[in-house]
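K.L.:
Here's the letter readout for the chains.
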Amino acid sequence: MIWETVIGLEIHAQLATRSKIFSGASTAFGASPNTQACAVDLGLPGVLPVLNREAVRMAVKFGLAVGAEVARRSIFARKNYFYPDLPKGYQISQYELPVVGRGQVEILLEDGSVKAIGITRAHLEEDAGKSLHEDFHGMSGIDLNRAGTPLLEIVSEPDLRSPKEAVAYARKIHQIVRYLGICDGNLQEGSFRMDANISVRPQGQEKLGTRAELKNLNSFRFLERALNYEIERQIDLIETGGQVAQETRLYDPERDETRPMRGKEEANDYRYFPDPDLLPLEIDQAFFEEAAAGLPELPDAKRERFAAEYGLNAYDANLLTASLELAHYFEATASAGADAKLAANWIMGELTAALNREGREITDCPVSAAALGGLIRRIRDETITGKIAKAVFDALWQGEGTADEIIEARGLRQIRDSGAIERIVDEIIAANPGQVADYRAGKDKLFGFFVGQVMRASQGKANPQQVNDLLKAKLAP
Amino acid sequence: MHTQTITELAAALRVGTFSSVELTHHYLERIERLDPRLNAFITVVADTALEAAEQADARLRRNTGGPLTGIPIAHKDIFCTRGIRTSCGSRMLDNFVAPYDAGLVERLQAAGAVVLGKTNMDEFAMGSSNETSFYGPAHNPWALNSVPGGSSGGSAAAVAARLCAAATGTDTGGSIRQPAAMCGITGIKPTYGRVSRYGMIAFASSLDQGGPMTRSAADAALLLQAMAGFDPRDSTCVDRAVPDYTASLGEDLHGLRIGLPKEYFGAGLDPGVARSVEQAIAELEGLGAVVREISLPNSPLSVPTYYVVAPAECSSNLARYDGVRFGHRCTEPQDLEDLYKRSRTEGFGAEVKRRIMIGTYVLSAGYYDAYYLKAQRLRHLISEDFRRAFAEVEVIMGPTAPTPAFELGAKTGDPVSMYLSDIYTIAANLAGLPAMSIPVAPVEGKPVGLQIVSDYFTEARLLNIAHRLQQATDWHLATPEGFA
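Just so you know, the protein sequences line up as chains A and B, in that order.
Okay, so the first sequence: first residue is 161 according to my numbering, each after it adds one.
Okay, so the second sequence: first residue is 644 according to my numbering, each after it adds one.
I should point out that these hints are in silico values taken from the structure, not numbers from a laboratory.
Check each hint, because a few of them may be wrong.
Unchecked claim - Listed next, the in silico SDA-like pairs over lysine to any residue satisfying Cα-Cα at most 25 Å (straight line): (1) B:K996 <-> A:H293; (2) A:K290 <-> B:H971; (3) B:K996 <-> B:R734; (4) A:K239 <-> B:A1013; (5) B:K984 <-> A:L292; (6) A:K290 <-> B:R985; (7) B:K984 <-> A:H297; (8) B:K984 <-> A:G350; (9) A:K239 <-> B:H1023; (10) B:K1017 <-> A:E256; (11) B:K984 <-> A:H293; (12) B:K984 <-> A:P244; (13) B:K984 <-> A:Y243; (14) B:K996 <-> A:L292; (15) B:K996 <-> A:Y430; (16) B:K996 <-> A:Y243; (17) A:K290 <-> A:G350; (18) B:K984 <-> A:N428; (19) A:K239 <-> B:S1007; (20) A:K239 <-> B:G1009; (21) A:K239 <-> B:A753; (22) A:K239 <-> B:R997.
Okay, chain B solo, but in the shape it has when bound (with noise of 0.2 Å):
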């Protein structure tokens, strides 16, 4: 069962091969029997999950059932859930349980998924390899003594191990695309604004973006379309008509005009890496798509602008855990100071609390102009560099990460080589632009990605590019052995 696409799996339910409490017992015991190998879930919710399978097969017998019904599903642990823990990977928030389900979770739901539980992540999705979790790195299916990578290191793991038949994700600078690329699975960032951030634990607001992570691109369009629409609970969310993802998969690629950014195939960019990429390329040329080099001349300039904007916003957005209304609070506090600090300093991890210090520090008295405010007309720049890209090519595409998976404990004494591992992923989120990660020639055993980035609103284009590949190819069909 576990080695069928979304499609496949739907199909079955509603002819009634198995039913959804079958399915849901059959990741149930694969996440029992071979998570203690990955560390991929923080929390599953086999009880509720069953109830809601039962629920999904009264539907599919009454055939009122939507194209995700009983299909069993994770939630990374950012996103609310109503009943149940959402910890962000945090000590913080190990003791929350969200009294109400963010806007995607509702809608999944609506759409008839199922959850399983919530998977493994870096704490507050600070973090490319998983390893800042409170809860322990999630381990990377293809080899277990690498990281899957991050912040969605548990999403990806659970779906490349066919734990559940799909994920959810977010993304502030390469959060699903970067672990999608590690673990040989498919992820998109949709364009910021595409699906509602209300009740997803916000890291830096101006940036995060939800999206699904899944075995295929045909997959991704199924949960999309579930998530993707308005939510008036968050004013960044754009109203706007929500395309038919899966109608418009299949298009022909001829002439479809690729622009490979100088940039992105330039020192650091491991060999392997870049030859999986370029091979894919060649393919998609095969498919009838034009290939010409362009420039993404501020570039460069991504990681440290990302690194100002992002600390400052999530100093902000980490303030309101202070140990007074819930989460983490030290035993005995003396005083209101005391109750700030020890809760503060206890519930949060070393990374957490070093992008708050950097965060505090760029919006100081003194610094702001010096950094948030030239990190703000930089991040114009890079956006500009794609709209004038945008005006020659169609889709722009490159690596999604500079090297395959590392192994553990490879860079966290190193945070700066660390926050290299998305230097090809956060110009899309500094820019608000949906991008996606395909699987494509592993190097040495470890899978690889290819990132597409496209225009404001074009996932359709995205998931039908990477569609028609996946249909010409079957890298995304590789499965990592003991987990078959």
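Just chain A, same shape as in the assembly (with noise of 0.2 Å):
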């Protein structure tokens, strides 16, 4: 049987307020436990949230940016549970009526079509403190520090039909949070955390199979790696003839596996009801326009004008609009060195080859885009060669100066005088007569060890269009 793989997502994306959603509490991460949780957030008694304006500028800006109903009022309702991390016995939540409605993205698929995926609503809310069940023999630690963080949860339409396209989606969200500026996208600090619904069918029936719910998918790697396992598991399970319990699962990435979630796993009724202590979200003209005013340029218009303005492929495009930073670093780097596709081609080959290697993100790259753009300045006015050009961007990586610094400092300048490099060919064809012999004699592959000799033999300085033409005439029979 064919089977068909149906997963929407919901992603939590923290929202980059400095306080809380509903005290004014900071929101920053790492400090010692419990000391960036105010009364509010202790839920002590008589304590009232009140709902930060920043966040509900953020949600705003998300809805714009994906093309969804952004609501002129919404409510903010009480979700109702037990547990140690939550200190009010609920968290206050969005239900009925969130702040985005229905919107959508674009994902690019591997064959290079694009599909459009829904997303369903996103919804403000609070978030929970952290239970930690290490350290505390026997005992339960609870840090109310992340408690009251402003979450925007975004949920996907179950339009996803692999994990390729889920990882894309994902993917394509984390970059719209971080271009709009209201999310700080790191992942392993849980900024950003995803849950996947995945479900499988019979291909070409109608009817969705049962669900299986799957959390703590904190990488885009362990995204694919749980659903991949998840397909297979729900899929031999129906075919030996058992069914897919409706259940939440978490995913280990050490042993690569699912598992159902212990414990909490009674059926929860939630009891929401419109939060009595927090007017209905209302959202005026001004507060929108205002809103929207702030929008950056997006992904989708920013790949396509960088097509358009620097006559970039689809490829380089999409790979250079990735991140905010990386744009804004091609932009600096094609302004400062007057080439734009010389600039993708360094930016995308030798400093992504460069940062891989010392792990390192483009916002902490040695090389600044004007040093580069220095650099691809001399490659392009033909002051160093490529070959020399590598040996300079080394240079610039380990901080010893700019590209014209270097070039002087070592005398890596081209050699472009016809005197001088004729007198290293001369050198060459005496010093290798039977090579001359046989390349006369009709074994033409041996060009390229001339070339390969005058140019070492001019340390790499020599200008290789000026060699071919000396080598050619000098050369013929």
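Quick one: dock chain against chain with the hints and give me the complex.
P.N.:
So, in structure tokens, the structure goes:
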């Protein structure tokens, strides 16, 4: 039987506000446990929530970025359940009327085609604290620093048909929230958390299969692996006469498997109802327009502009707009180096390789865009050869100054004096009579050997075109 | 000293007839001597009260005092008070010392009031007789074997017995007005949003509102002046100018249109109470008011509506009392579930548990539409009744409670009969309207309250009407025997 996979994602993006969604406490990551939880976050008797305006602005921006209808009136509701890291015994969320309604994003599939993925809704809510089960000798520790951190829960339609599509969609949402500057996107620190609903059904069947919800997917790689594992598990189960249980499963990256979450399996009735402590969230025209005016150029628009303005192909344009930082870096390099194509090649080639080698991000790159631009200018005006440029780049990486300083200090300027090049060419021809004879007898491939010898003798500095021309003339039979 | 109103006390303090320290000592002495009969106080803070009184005296000497500087008051134990136990009448919070002051507490402190202590109340404000308190019932100073009403029973008893110059209360379904009526004092529940709820321990967030409980309408005007106003920490608090309540006292009542809802004078109303209320209304007519019968057709639905909405909100509001971060925790919990179950079983009393269960039920999947949503629709209809009525009349009057204070234990076994004690007061909470209770002629030695309800943010009108009536009559001046 041919099986079709149906996946929907719920993404929790932590909004990059300075204070919490309903209190003035800081949202900074990594503070000592319970030092960033005020009376409101602790749920002390008598405290009340006050909505953070900035969190609303961020949610509105997201709605606009995915072409969604932003609700002019939305409602905060209480989701009631008991858990030690949930101080009030309920989470303030949005239920029936979320701030962001239906929208969509486009993802690029591997075959180059574009697919639209529906976004069902996105709503504002507060995060819970953390339960820590290690180091407490059979007890649990509670850290409420995270309690009350604003989250935007972004729910997709079940439009995704493979783990690869799911990853492309997740990356797209990640890219959008990063472009908007509303989430730091840090997966390790939990700023961008993904849950996946996945089911399988025989190809052609309308009715959806029973789904499992996968949690603890804190990297795009784990998302893909967990989904792959789950597809196999569900298909095996059905094909051997079993049934998929509707349940929540945790992905264990060490064993690369999913397994049912224990303890939280009772059917929860969250008893949602509108939070009487908060008035309906009303977004007026002025606030809406202000948020719209603050929208940056979004990934799709930037990619198209890069292609048009810099003459890049779709693949390069897509790669260079993957993150806002990389796109900025590219534009700054292209402008400093006065050659967009060269800038693109260098960034996607040498620079990316060097970053990967050292596990660095573009934001942490030792070579500034201006410095790389300076190097590209010297390639473009033929002060140095491409071969020498790689050495200059390494020196830039090591912090040995600007491209011009390195070229001067090391004497790397290209030799374009035809007399000087001719002398070297003559020496090489004189030193290799056997090869000269073979070449003249028709072994054309040896031409490369002569070019290499001349370049080596010139320490890579000889102008390659002149070397070619001179060798061609002198080796002619 | 204790026989004087706040206006009189403030004048005496200003001219130095006596000091705030002397006045505070006097009230503390009365509390020590008389409160054992009443159990009106859960906590008395003599030391901090005297310190505050000293500071008040210093301000009075420098002439920098406000209208309440040096006036000893008491807070219902539902308001968080920094450094002072805030029990909410519950074993659950018997050990809870609030780390912050409620918005209303801050404002009264800024106005110069001296806090004598925290008053008794029904547990988490759930009750109409003060009998659900973990600290035992408060007694009615007019009849010690009777209840003072609830939930602000301790505040009402303390003010009636002159154990403090005034007290604060909260009103979710009548908890200021009903005990004010039963103890013969003046109480006003302001418009929802007029007074900050920040630091006021929540029972039913969409209904709760704090307000003053005093000896007279003029005193209530002074206290409300200090309490009212916007607090950015409460999203439901309304940012709207506070009028000068004292300045508008004494306005003429000629032509005032009073509506008497026929539904408030029907079956279930004690005939004596009805007579007292009618007598007071006749007095108002004598002052120029015009009376007409009106109808609030949905008012019979207020009690059932309230007993869906309030428990629903309380079931969620009280979820935070889980034994994890503060409050009562059972000993030696075996696991998480045991911690929750035993801490809450031991920490809450029967009435609180009943309401948590009702609330949990009405919010449950499959019942939400039938109960909670339907109650919200009825709430809207009840508000509409008032909107229509206020197109015809300026105020609505009737009895505050159907009977005078009943005996302790008379209704504890019958929750529904207890709930009906709030039959006339609940609608104002559901609609969010301001409402007041003032003493009228007693029935067999027990006080009776007249309830006045008016349109949103017209507390000044209520206070004025009450004040005019109190100028023309002396019902509010009566003092219970043994507490003179």
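K.L.:
Indicate, hint by hint, whether the structure satisfies it.
P.N.:
So, going through the hints one by one against the coordinates:
1. B:K996 <-> A:H293: Violated - the C-alpha atoms of H293 (chain A) and K996 (chain B) are around 31 Å apart, more than 25 Å.
2. A:K290 <-> B:H971: Given pair K290 (chain A), H971 (chain B) holds - Cα atoms ~22 Å apart, limit 25 Å.
3. B:K996 <-> B:R734: Satisfied, since the Cα-Cα distance of roughly 13 Å is no more than 25 Å.
4. A:K239 <-> B:A1013: 19 Å, holds
5. B:K984 <-> A:L292: With a Cα-Cα distance of about 22 Å, the restraint between K984 (chain B) and L292 (chain A) holds, given a limit of 25 Å.
6. A:K290 <-> B:R985: The hint holds at about 24 Å.
7. B:K984 <-> A:H297: 23 Å, holds
8. B:K984 <-> A:G350: 32 Å, violated
9. A:K239 <-> B:H1023: 24 Å, holds
10. B:K1017 <-> A:E256: With Cα atoms ~17 Å apart, K1017 (chain B) and E256 (chain A) stay inside 25 Å; holds.
11. B:K984 <-> A:H293: Between K984 (chain B) and H293 (chain A) the Cα gap is close to 21 Å, so the pair holds against 25 Å.
12. B:K984 <-> A:P244: Given pair K984 (chain B), P244 (chain A) holds - Cα atoms ~13 Å apart, limit 25 Å.
13. B:K984 <-> A:Y243: Distance of about 13 Å is within 25 Å: holds.
14. B:K996 <-> A:L292: 31 Å, violated
15. B:K996 <-> A:Y430: 19 Å, holds
16. B:K996 <-> A:Y243: Measuring from Cα to Cα gives roughly 19 Å; hence the hint holds.
17. A:K290 <-> A:G350: 11 Å, holds
18. B:K984 <-> A:N428: 17 Å, holds
19. A:K239 <-> B:S1007: 12 Å, holds
20. A:K239 <-> B:G1009: 16 Å, holds
21. A:K239 <-> B:A753: Roughly 37 Å separates the two Cα atoms, so the pair is violated.
22. A:K239 <-> B:R997: 21 Å, holds
In this structure, the earlier hints numbered 1, 8, 14 and 21 are contradicted, and the remaining ones agree with it.
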